[in-house]
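Assemble the whole structure, with the sequences as input and the hints as a guide.
Residue numbers (numbering that gives the first Met the number 0), protein chains in the order written: chain A, 0 to 184; chain B, 0 to 174.
The reader is advised that the hints may include incorrect statements.
Footprint (simulated), chain B over chain A, 3 or more residues, beta carbon under 8 Å [as the list claims (entries may be wrong)]:
(1) 35-44
(2) 155-166
(3) 176-184
These are computed hints drawn from the structure, not numbers from a lab.
This structure is a prediction, so every number in the text was calculated from the model and none was measured.
C-beta atoms are modelled at their ideal positions from N, C-alpha and C, and glycine is treated no differently.
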Amino acid sequence: MSFVTAHRAAEPSSDSDLVRECRAGNEQAATELVAQHGSAIARFLYSSGADRSDVEDLVQETFFRAFRNLASWRGGAGLRGWLCTIAANVLRDAARRGGRRRMLPLDDHEVPAPGNPVTELVMRDTAEQLRRGIAQLPRLQREVFLLRAQEGLEYTAIATALGTTAGAARVHYHGAVRRLKALIA
Amino acid sequence: MTTCTQLSDLMPATALGRREWTPPEVQHLADCADCRAEWDVVRASARLGAGEDWKAEPAVLARLALAQAAHRRPDAVRYRRWLVGGVAAAAAVVLLVLFVPRKPRVSGSTTLIPSTVANTLAIPALDSLSEDELRVVLAAVSGSAFDVDAELDAPGLESLDSVGLEQVLTTMEGT
Chain A
0 MSFVTAHRAA
10 EPSSDSDLVR
20 ECRAGNEQAA
30 TELVAQHGSA
40 IARFLYSSGA
50 DRSDVEDLVQ
60 ETFFRAFRNL
70 ASWRGGAGLR
80 GWLCTIAANV
90 LRDAARRGGR
100 RRMLPLDDHE
110 VPAPGNPVTE
120 LVMRDTAEQL
130 RRGIAQLPRL
140 QREVFLLRAQ
150 EGLEYTAIAT
160 ALGTTAGAAR
170 VHYHGAVRRL
180 KALIA
Chain B
0 MTTCTQLSDL
10 MPATALGRRE
20 WTPPEVQHLA
30 DCADCRAEWD
40 VVRASARLGA
50 GEDWKAEPAV
60 LARLALAQAA
70 HRRPDAVRYR
80 RWLVGGVAAA
90 AAVVLLVLFV
100 PRKPRVSGST
110 TLIPSTVANT
120 LAIPALDSLS
130 EDELRVVLAA
140 VSGSAFDVDA
150 ELDAPGLESL
160 DSVGLEQVLT
170 TMEGT
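Next up, the structure:
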């Protein structure tokens, strides 16, 4: 069962409401929060270079840290951006503990989609090459790039989440794009 | 007329399916190899991991995470980590004072350990420290003479005004 399909609320609650309820110890609100953001956090971690088999543990650790520090979420940055920054810290700590040996194994595999096998092979190869490239970006470049490319956040929201300025976020984004273009050209 | 900057700003939303390219934008993409290359990167990045089925039951995960959060006492944990960091910092300073010579002594009875040896001395306690704690150690050792992230992330960008940032972008893009 996936994050997306596992839980359906009758009415979607706002992040602020959910956080307030979570802080009051409401387990249902916590579940809703995980359902709304878990899949995106998993993708963020995977795209940042986490090993496929480690992603779920890292997601759990991310939510554990988030629930422990909900009081520090000011609401200025969207909750998704805030969770992604926590996930980035979790991944960094895991990489430091594991000496990065669990990151991006050579035998990594993804389930191919049906269609032209040659095209799929090329696409899969490009995607994996891209994932490696993203994982090797400097941290701020990587986080800015993923928050923009995968979450579609505006530079102001990214800046708030990462504690930088919108102009600097734009520069980091274009720095990342430039490196990744060179990588898959 | 669509510019490369305008197109670049629209790419994430388009890749995520929140909007579609207009005919002039399609034309620009067809004519501009640089924008096409950027679009390939952004589109592929937006799809990364999208086909994966991240198996996890939100209710179980939420219960586990809440239980973990309630079980640990954050203040005590934080205090203990900083205490360990402080002790490690002090140990690092003591080791440096003991083993790194300020000036090579030509004469005298004291035998100093060569600086190359001192530099390779392992300080195992540092391995368990977080980045924040390591910064404390670095600050103690170097007097905050440098920022470990400076080389990688160029945090000085935050202090630039829009003109300065534009110059950086222009330099970066080579235009």
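These are the hints, each one checked on the structure:
no.	hint	result
1	35-44	holds (count 4)
2	155-166	holds (count 3)
3	176-184	holds (count 6)
In the structure shown, no violation is registered for any of the earlier numbered hints.
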